[in-house]
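S.K.: Going line by line, the protein sequences match chains A and B. Note that this note's numbering gives residue 48 to position 48 of the first sequence, counting from 1, and the numbers run on in steps of one. Note that this note's numbering gives residue 401 to position 401 of the second sequence, counting from 1, and the numbers run on in steps of one.
These are calculated hints, taken from the structure and not from any lab test. Certain hints may be false.
The list treats identical chains as one, so a pair stands whether inside a single copy or across any two.
To be verified - No more than 25 Å apart at the CA atoms, straight line, and that leaves these computed lysine-lysine pairs for DSS-like: (1) K98 x K286; (2) K67 x K98; (3) K461 x K258; (4) K190 x K403; (5) K404 x K237; (6) K262 x K67; (7) K262 x K186; (8) K258 x K67; (9) K461 x K404; (10) K190 x K67.
Protein chains: 2
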Amino acid sequence: MKISCKKWVRDGLYLGTILLLSALPILAEANGSGEEAAGGEGHNFALIFLWIAIVLLIAKMAGLVEKLGQPAVLGELIVGIVLGNLALFGVNFFEPLKTNVIFTFLAELGVVILLFQIGLESNIREMSRVGLRAGIVAVIGVVVPFVLGTYVVGPMLLPGLASTTYLFLGAALTATSVGITARVFKDLGKLKTSAAQIVLGAAVIDDVLGLVILAVISAIATVGAVGAGLITWILAKAILFLVGSILLGRFLAPFLGKMFSKIHTGHGMKFTMALAFALVFAYVAKLIGLAPIVGAFAAGLVLDAVHFKFFKNPKFCEDIKKAAGGETKISKEMREAIEHHADRHVEELIEPVSYLFVPLFFVWVGMGVDLTTLGDTRVLLLALAITAVAFIGKIVTGFAVEKKDRWIVGFGMVPRGEVGLIFASVGASLGVISEEIFSIVVIMVIITTLCTPPILSALLKRQAA
Amino acid sequence: MKISCKKWVRDGLYLGTILLLSALPILAEANGSGEEAAGGEGHNFALIFLWIAIVLLIAKMAGLVEKLGQPAVLGELIVGIVLGNLALFGVNFFEPLKTNVIFTFLAELGVVILLFQIGLESNIREMSRVGLRAGIVAVIGVVVPFVLGTYVVGPMLLPGLASTTYLFLGAALTATSVGITARVFKDLGKLKTSAAQIVLGAAVIDDVLGLVILAVISAIATVGAVGAGLITWILAKAILFLVGSILLGRFLAPFLGKMFSKIHTGHGMKFTMALAFALVFAYVAKLIGLAPIVGAFAAGLVLDAVHFKFFKNPKFCEDIKKAAGGETKISKEMREAIEHHADRHVEELIEPVSYLFVPLFFVWVGMGVDLTTLGDTRVLLLALAITAVAFIGKIVTGFAVEKKDRWIVGFGMVPRGEVGLIFASVGASLGVISEEIFSIVVIMVIITTLCTPPILSALLKRQAA
Numbered sequence: 001m002k003i004s005c006k007k008w009v010r011d012g013l014y015l016g017t018i019l020l021l022s023a024l025p026i027l028a029e030a031n032g033s034g035e036e037a038a039g040g041e042g043h044n045f046a047l048i049f050l051w052i053a054i055v056l057l058i059a060k061m062a063g064l065v066e067k068l069g070q071p072a073v074l075g076e077l078i079v080g081i082v083l084g085n086l087a088l089f090g091v092n093f094f095e096p097l098k099t100n101v102i103f104t105f106l107a108e109l110g111v112v113i114l115l116f117q118i119g120l121e122s123n124i125r126e127m128s129r130v131g132l133r134a135g136i137v138a139v140i141g142v143v144v145p146f147v148l149g150t151y152v153v154g155p156m157l158l159p160g161l162a163s164t165t166y167l168f169l170g171a172a173l174t175a176t177s178v179g180i181t182a183r184v185f186k187d188l189g190k191l192k193t194s195a196a197q198i199v200l201g202a203a204v205i206d207d208v209l210g211l212v213i214l215a216v217i218s219a220i221a222t223v224g225a226v227g228a229g230l231i232t233w234i235l236a237k238a239i240l241f242l243v244g245s246i247l248l249g250r251f252l253a254p255f256l257g258k259m260f261s262k263i264h265t266g267h268g269m270k271f272t273m274a275l276a277f278a279l280v281f282a283y284v285a286k287l288i289g290l291a292p293i294v295g296a297f298a299a300g301l302v303l304d305a306v307h308f309k310f311f312k313n314p315k316f317c318e319d320i321k322k323a324a325g326g327e328t329k330i331s332k333e334m335r336e337a338i339e340h341h342a343d344r345h346v347e348e349l350i351e352p353v354s355y356l357f358v359p360l361f362f363v364w365v366g367m368g369v370d371l372t373t374l375g376d377t378r379v380l381l382l383a384l385a386i387t388a389v390a391f392i393g394k395i396v397t398g399f400a401v402e403k404k405d406r407w408i409v410g411f412g413m414v415p416r417g418e419v420g421l422i423f424a425s426v427g428a429s430l431g432v433i434s435e436e437i438f439s440i441v442v443i444m445v446i447i448t449t450l451c452t453p454p455i456l457s458a459l460l461k462r463q464a465a
Numbered sequence: 001m002k003i004s005c006k007k008w009v010r011d012g013l014y015l016g017t018i019l020l021l022s023a024l025p026i027l028a029e030a031n032g033s034g035e036e037a038a039g040g041e042g043h044n045f046a047l048i049f050l051w052i053a054i055v056l057l058i059a060k061m062a063g064l065v066e067k068l069g070q071p072a073v074l075g076e077l078i079v080g081i082v083l084g085n086l087a088l089f090g091v092n093f094f095e096p097l098k099t100n101v102i103f104t105f106l107a108e109l110g111v112v113i114l115l116f117q118i119g120l121e122s123n124i125r126e127m128s129r130v131g132l133r134a135g136i137v138a139v140i141g142v143v144v145p146f147v148l149g150t151y152v153v154g155p156m157l158l159p160g161l162a163s164t165t166y167l168f169l170g171a172a173l174t175a176t177s178v179g180i181t182a183r184v185f186k187d188l189g190k191l192k193t194s195a196a197q198i199v200l201g202a203a204v205i206d207d208v209l210g211l212v213i214l215a216v217i218s219a220i221a222t223v224g225a226v227g228a229g230l231i232t233w234i235l236a237k238a239i240l241f242l243v244g245s246i247l248l249g250r251f252l253a254p255f256l257g258k259m260f261s262k263i264h265t266g267h268g269m270k271f272t273m274a275l276a277f278a279l280v281f282a283y284v285a286k287l288i289g290l291a292p293i294v295g296a297f298a299a300g301l302v303l304d305a306v307h308f309k310f311f312k313n314p315k316f317c318e319d320i321k322k323a324a325g326g327e328t329k330i331s332k333e334m335r336e337a338i339e340h341h342a343d344r345h346v347e348e349l350i351e352p353v354s355y356l357f358v359p360l361f362f363v364w365v366g367m368g369v370d371l372t373t374l375g376d377t378r379v380l381l382l383a384l385a386i387t388a389v390a391f392i393g394k395i396v397t398g399f400a401v402e403k404k405d406r407w408i409v410g411f412g413m414v415p416r417g418e419v420g421l422i423f424a425s426v427g428a429s430l431g432v433i434s435e436e437i438f439s440i441v442v443i444m445v446i447i448t449t450l451c452t453p454p455i456l457s458a459l460l461k462r463q464a465a
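Isolated chain A (complex conformation):
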């Protein structure tokens, strides 16, 4: 990769200009109105428009990391960390975004749309081909960190705490946050590889296992014991959802597609059907206790180009064919190329929506990183040890797959993200996770999240070379 010095200076100048432009409203606003918008009665919608515009522009500028060979998601995370910690330097303009319910909703919608896109791009046949291996990866990736955290490293590093505390610490180490890894695969165009399919499949199974663990340890922490009936019930409804939604969806999608195409065959209807599928599946997943992104991913898997065969947009074909001198003058290859590009595929229609929401999610995740937690040396050292366990517990899963995919799958399972934090918060709300342990979990989440994109991208490039 050759980068000329002159180009860097120019890029730097551009970057400076934009940062200055972005800073204007911040200066104009001072600190007051941002906080005003977040709190209490009236939400200042216009201010949220401004926030979105600035966040999207800066996140796009951070696409410069791609020139360093890094995936774009890393840039977005870093932008989030910078914006989220500007308050340390007295700039409070972005502070309300962390808790603003509208911005948080948009971020959440972003990750739902991302997983839906990834589901659309994934192949259900390829997925079930790797199903067994994904299952083994998921089980190892849950059992190893849980056992290490609960029975080895927890009692060793933090002696004298209640056994339920260790249970929650171990549980917080289990759940892979698939958003980061999926974005890296997507950024680098590797979603169709077997490694990507294994990681995606494992992450879904992982979420189901995490659901069971959370229910079990919560029951232990509150009533002191747990019945086999509860575990069976949680597992049963999760499996029922995944299998049921895919079977029912594959049956319903062509039927609904035909039905809605009677009303309209335009892009609007196609888009609406696809998005509604994603949102309804996300809702049902949440309803039974799974993450909404698992539902959105299932919706993407279910939907297939064939369900949209009733939607046609022939204007484009006509234009090109007329210019070519009419139907008869066109070769077979030509006709196929035109037909292929004739209609905007559902992926293409969803893409602009993802341009809007997906960066908001990763910036929002980055904003959650509180750099001051890195200040306490004791906590930091403990956190580094726990983080090492978090890495090891997932990297070992790589040994369940083919040698060529070993490290990619292992590191692909590493990021923890919001799921680990949810476990820790539930523990905190039950009074078994102290503030110190919560900080440790936060640092573990930060490090696993930030280290994965560069490592994974290096591994994928080495494999391709």
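Given chain A's structure and the hints, the job is docking chain B onto it.
M.R.: Chain B alone, transformed into the frame defined by chain A:
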């Protein structure tokens, strides 16, 4: 228009099936969880996903009104009215949407994106060509209803009230809500006509005049008088914004386009730049007291295809050219057709986002219609009289334009929408507008909003015939 009976039965069956499908989650949810999501601490994001999916699907189904020759927006408004009044029949599932801050935000974003799209499709040269006529239309359309409401119909129908009450009633009759009319022009593909350009231009000027009126009458109601300095200042900053944003935007857009294209030339960057423009303009408009949609419209006017000339996506051209047997074998006409379709224009990139948000806005507007206000006969009769004034006050503006556009411009200015309601709410908060008069204004807004789409669509079709 011929519609066979069989087709209608089939459409009806499909409609029934979908309604049944949509009703499932409603039944499953019972009434509780909807209210839970709206109120207090925790927002249930997954439930909002479900709401969005259902609203979008039902709104799209209402596209059936197009088979009756009506614009799609009428269907969306009717869906909103139905969903918003289901509580009368004991179904409270959609009730929280009326006040849910996230849904309201998404609706507001929808109308901002709609006006941005309309700005993109409008031609600034055509717009300034009709500028003078638009100005006259705007002034007549503000002065006539204001004078009629404040000095004639108000004191006549509602005698014995404070003069400031009449002032607010008159003011509530002035401001045209451009969203409805613009959607009708868009639905029928008439945005480029001179009538559409006049109405759009007049609506922008109208908003500026409305801003001045609101400031003046608020000052009269609170301090009893108003200085010429205040009026001048409000007018000056509004004009400064409109002229300044368009001039500055036209200067900045190519510069920013070039700069951002250094980082990335993909669709994502193009989309982000365009959307950020719209959102920043919407924010600045709000900041100086104008409606955010005026800013978004100005942003659309400013942006032009030429600002995106640095963004190229040649993959598509290659595909088609290769299939045709290489560059040399392609005729000039053919090459032009390919180049024209080669890149996704910014309008195309914004479109899917509008599929998501725009229907939410019109459904939300419809949901605001409280059918019980139509129950009180005295209020209803008074409201009908005031509504007649609202119609007459705008229809007369048609006499300022060419004969062929007369009725289209006149009726195009009729819908009042949220601006009239804002005036009435400000009056209510100052204690000069009673609940009864507020209901009257609400009914006037309902009728002007609902009658315009069918009337305008009939007029446009008659003109085309």
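S.K.: If you check each hint against the structure, which ones fail?
M.R.: Going through the list in order, the structure violates hints 2, 3 and 5 and respects the others.
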